[in-house]
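One point on numbering: in my numbering, the residue at position 55 of the sequence shown is 87, and numbering is uninterrupted.
FYI, nobody ran anything at the bench for these hints, they're computed from the structure.
Please note: incorrect hints may appear among the correct ones.
Said to hold, decoys possible - Result set (DSBU-like, lysine-lysine): computed pairs, CA atoms no more than 35 Å apart in a straight line:
hint, residue 1, residue 2
1, Lys398, Lys359
2, Lys106, Lys131
3, Lys323, Lys88
4, Lys141, Lys128
5, Lys106, Lys88
6, Lys359, Lys323
7, Lys323, Lys57
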Amino acid sequence: MNYDVIIIGSGVTGAGIARELSKYKLKIAVLDKASELPSGASRANSSMIHGGFDDKPGTVKAKFCVPGNKLWHKLKDELDVHLNECGSYVCAFNDKETKHLEELLEQGKANGAPGLEIISGVKLREKEPNVSSEIVAALWSPEAAIINNFEAVNALIESAKINGAELFLETSATGLLFDEKNNIRGVATNKGDFIAPVVINAGGVHAQEIAEWAGDTSFKIIPTKGEYFLLDRTTQGFIHSFLFSCPSKAGKGVTVLQTAEGNLMSGPTATEQEDPEDRSTTPEGLAEVLKGARRLVPDFPIRLNITTFAGVRANTESGDFEIGALKNPRGFVNVAGIKSPGFTSSPAIAEYVAELLKEELADRIKLIPNEKFIPERKNIPRFLYLDMEKRKELAKNDPAYAQIVCRCETVTEGQVLEAIRRGARTISAVKMMTRAGTGRCQGGFCCPRVAEILSRELNIPLDEITRHGGNSKLLVGKTKEFLLEKGAE
């Protein structure tokens, strides 16, 4: 399996790099151990497109955040992703915090963030009547937005695939391959060797381990868990923007937001841990989230909570991104420590990586423009948001669009079938692509039906359908066979 570039990791960073490099005549392989996308931190985060005021001028984060924000406002149309251009507020509760808002304002101006303004608590409550009466001032960032992170990652990787990149799921990198000069030759995986002169490390919380395979010990990843509440979509309109407390040394703190799809959400915590795969929620963490949410929004309607979840972000000891090509071995590129504002920065990081390959690795790879590059990608029809005439038209052309599979999110069989055509092989993959299972019942109604459709379309037994790959099977066999095995009459 010979390629020009291998990208390890297909979160928003890896997927974005794959799409950017597909603008050139390159054979690209993207490897990810997950069974569906997004996974890892790109799956469980606040979905924020940051305004660009929070990062210290001169940091790598500050370099990419504002350009990344601008690119997402462009990409939302090219990639047909749901971006809620709602702006954000950083809220101050006293004079000390108001002074910090002034520092953030100046920092944002230095970073090139447009439209920043400090407003009074009174003016904030005119826009957001449910926020705390104790908020005395807020920093308004009009260019901040909230994205559907599920759609965004899948859109980037689909666009890359449209333009020739290849995605290999359930493919775990196990080591690097080197040539006789100790330069990069490829990647060893659980599915065999992938050969390429350039390997890009976009491994998220595992990026340190991958870098160490190349002999690079220059940075350390500190897995940091963030826990969240997600409320029912009937909370739509309770707030309209993204609310921050003043940031501290621990991070941006607990936020309250309305997701791109209208759910009220709050989080995250910032708990350092050793296990990069521990995404469990805890009573202590959720209590911290609720306390933070109610500080910003006293009547935060926790009774409408439909699920809790946690993500693990790749903090570094420096607190900054780690991006660059190693001098030795030649051909290895780190794109590591990509945490907040990583989602925002990802398209700008992707452009930078392409330039880095041109300038620093020209002896190993040639980036010739792909004149056949197709920038547009269309999403699966969002049946929930269509008017009745468009729904009728879809159903007329394909009767599967007349069959509702997920009642909470009004997802049709037609959407599920399209997700399968685009590569969905698990319950979670269908969920990421269509939102089936994201509503109030959290898949209680639609999960069995989605499993049946997957079984039928993939021509595999129902008891081999998994929630998210591996051993996450929904069924373990037939009841009668199970009882007979146990010796029942």
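Hints versus structure:
1. Note on Lys398 and Lys359: the hinted pairing holds, with a Cα-Cα distance of about 18 Å set against a maximum of 35 Å.
2. The hinted pair formed by Lys106 and Lys131 meets the criterion: a straight-line CA distance of about 34 Å does not exceed 35 Å.
3. Between Lys323 and Lys88 the alpha-carbon distance is near 28 Å, which keeps this suggested pair within the 35 Å criterion.
4. Taken as a hint, the Lys141 and Lys128 pair is honoured in the structure, with Cα atoms around 20 Å apart against an allowance of 35 Å.
5. Proposed proximity of Lys106 and Lys88 is supported: the alpha carbons are some 25 Å apart, at most 35 Å.
6. With a CA separation close to 48 Å, the supplied pair Lys359 and Lys323 exceeds the 35 Å bound.
7. Proximity of Lys323 to Lys57 is assessed by CA-CA distance (about 52 Å); at most 35 Å being required, the pair is judged violated.
Checked against the numbered hints listed earlier, the structure breaks hints 6, 7; every other hint is satisfied.
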